[in-house]
Amino acid sequence: MQIKKDKIYMTLALLAYLALVIWAWSPSVPEFTADGRKIITFWHSYNDSEEKVLTEIIDKWEALPENASYTIRAVRIPFSGHQTKIRTALTVGKAPAMARVDWSFVYELATKNALVSLNDYGFDKIKDDYLQAPLNSCLVNGKYYGVPDQSNCVVMFYNRKLFKEAGLIPEKSQFTYEEAKNIMPKTWDGFKKLAKSLTKTGSSTDGDVYGYAMTNTLWWSLPILNTYGVSVISPDGKKCTYDSPEGIAAVNMLKSFVTEGIEASAWRSGATPTDTGFVNNKYAMILSGPWNLQQFRNSRLDFGVALIPGGSEGTSSNIGGTDVVIFNHVPADVAEASYRFFVFLTNKDNQVLWCKKLDQLPVNVNAHAEVNFEDPYLKIFNEQMGYTKPNPLVKDFALLEDIINPEIETVFSNQKTTENALKSIRERVEAELLTEMLP
Amino acid sequence: MAIKSSKETLTSAWFLAPFLSLFTLFIIVPIFYAFYLSFRGAPTSFDLSSFRMVGLKNYARILQDWNFWSSLGVTCLYALINIPIGITASLALALLLNNKLPGKSIYRGAFFLPNVLDMLVVGVIWSLIYAPKYGALAQIVSFFFGPENFFNTTGVLGSPYTALLGVILAMTLKGAGFGMILFLAALQNIPADVYEAADIDGATKWEQFKHITFPMLRPITIFMVITGITSSLNAFTEIYAMTSGGPQISVMGKAVGSTSVSGYYLYKQFEAGEYGYAAAISFVLLLITLTLTFAKRAYDNRQIKGKKAAK
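Keeping their order, the protein sequence lines are chains B and L.
Numbering-wise, the first sequence is residues 1 to 439 according to our numbering.
Numbering-wise, the second sequence is residues 1 to 311 according to our numbering.
What the hints contain is simulated information worked out from the structure, not anything from laboratory work.
Check the hints yourself; a few may be wrong.
Which residues of chain L face chain B? A few of them, derived with a C-beta cut under 10 angstroms, are [unchecked claim]:
| # | residue |
| --- | --- |
| 1 | 11 |
| 2 | 44 |
| 3 | 130 |
| 4 | 132 |
| 5 | 147 |
| 6 | 155 |
| 7 | 158 |
| 8 | 160 |
| 9 | 243 |
| 10 | 248 |
| 11 | 268 |
| 12 | 275 |
The C-beta atom is built at its ideal place from N, Cα and C for all residues, glycine as well.
For reference, chain B alone in the conformation it holds in the complex (with noise of 0.2 angstroms):
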């Protein structure tokens, strides 16, 4: 009798136990509200300030008559490692249906066929609306995979108060375009005269302070190389020509920063991050992006920012930003909806709100009139623009990354002379990136 009572609760426990499991394996996000919308899950990587402005477009489209039956279920994802956790997501099936991706990722999701051609629904006709550098970034064998919705360079930020104690600005002061037009020399030389002068190292009670921190990887190296006129990949993308003369002579500029000790080495693995460094009063100038200017701002850093200096090719800079895409295995409705929140996220109208209110530089040309560009760090950045030059396409640029960063460390580190290291990545870019990969 025992026996039997032991094995009915066994059973109930065992049952239990599956029901559980059967439970948990379903799917967790129910597809429509409870009033009967369908939901649209919308993957960004948006900082807090820029979530607020996101949710407050996203209430303005779902209150427009056509989108009644739809709403947008916005997710944060981590910017860093967004592309795996995509990857991961398209592989298993369980992707969402739109997703603000990286410049440089939307090629290989739509040759993997894994987006929706924004051709099919008209985009071609409005795609003059925008920007075409960041444009460029969502062309794919001759179709529009993506809609730009940020577009960036970097630009030199420079930190006023360190500039201060140095003597170079007036105590006073506040940051203006005219500050920022003198204050930074125009070419290498004189920015390298210019971080000595704010270097000062051994003394035991400040701390040390230095006058540039650099970050090696080829992104936040390109506005530097395209001073020179770098060409990294060949415009007909199959040959690797970073070991021109040019190239030789941006990387050796680079390394004078190191070894003239005007550089905090904070490329080098485990040292203090660039933007941590400046926050901190501890690095005078770095290079960074618009994203960073409300941060800085939150932060009550006395900052400002300058045209980076020039080298043999004057100015430049690297485009940057992001695009928003859908993925194929949405129904039909869905995508239509999420395009038509696409064209509404990045229209005149909210563009000039997200600038408005999160300083950034528009995508859309339109809006470009309304924004405040007096703003004078919004006007160095939208002139820093001007001098932009394309980022080198390749069907994998963390790949690129991936040769090319290590290599440019053992010239920082003197392991390598520039030469040897230009022609080892050439070697190893044409052998692994630009011909098919095995197996």
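Fit chain L to the known structure of chain B by using the hints.
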């Protein structure tokens, strides 16, 4: 009796069923799936069906992959330094706290505490300690010896010659508490009369340690060597948190990550979407782990048999 036994087996199976089903679902199935995946190429699209069959090409690619072999070399170096230091530190702590020290339970708790912390947290803390210019270590050394010192200019994690040692020190201090507990348990199981007999025979403390304590701790030492090999081949989080595989060192004209252990290299392949190749690497690492573990066990068994035969 036989019926009762089979009933008991059945009851045990019912009890084990929940665990076994989860174990099968999350451990056994992925192992077999990863093995299947190791014969598949990089996906041409984001679809499980797009992993085309490539036979043994992934394994052949491993043979030609300089970066994999260099990462395996770094792993060997990591294991060769980490395991002896880890065991020595654990044993030293255990011997120290096996004495009648005042407040020894507080020390035991304090030394074990870092083991409870997450590897990532420990890695980040140590990165901040090691950071050049503004890290705790750089500040302390600069205070005594001035700013022109290695810890301030380059930093432990900034040089390819010290970065791996820096990671090992951090991991030793994190893991020594666990080893200490194992050694303490084993030390307390050694009968006191063995030491009394040795005392009567006039053995010194060192001779007692060499001929009694250490041989009696042999099973724990073997266990720690084997788990040390396994954890070295699986090392990832500490590298991810502290160095991201860097800094670079030029070996035979090629830039190699001085802390890029094979576990981290495997992660990089996975991150790049090379799932098939990453799976093949994981099975090569598994094969290496099993070979080393069985070789170590076989060697120890032979030693024990040899000693028994000598007696």
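Task: Unmet hints by their number, sorted upward, for this structure - done: none
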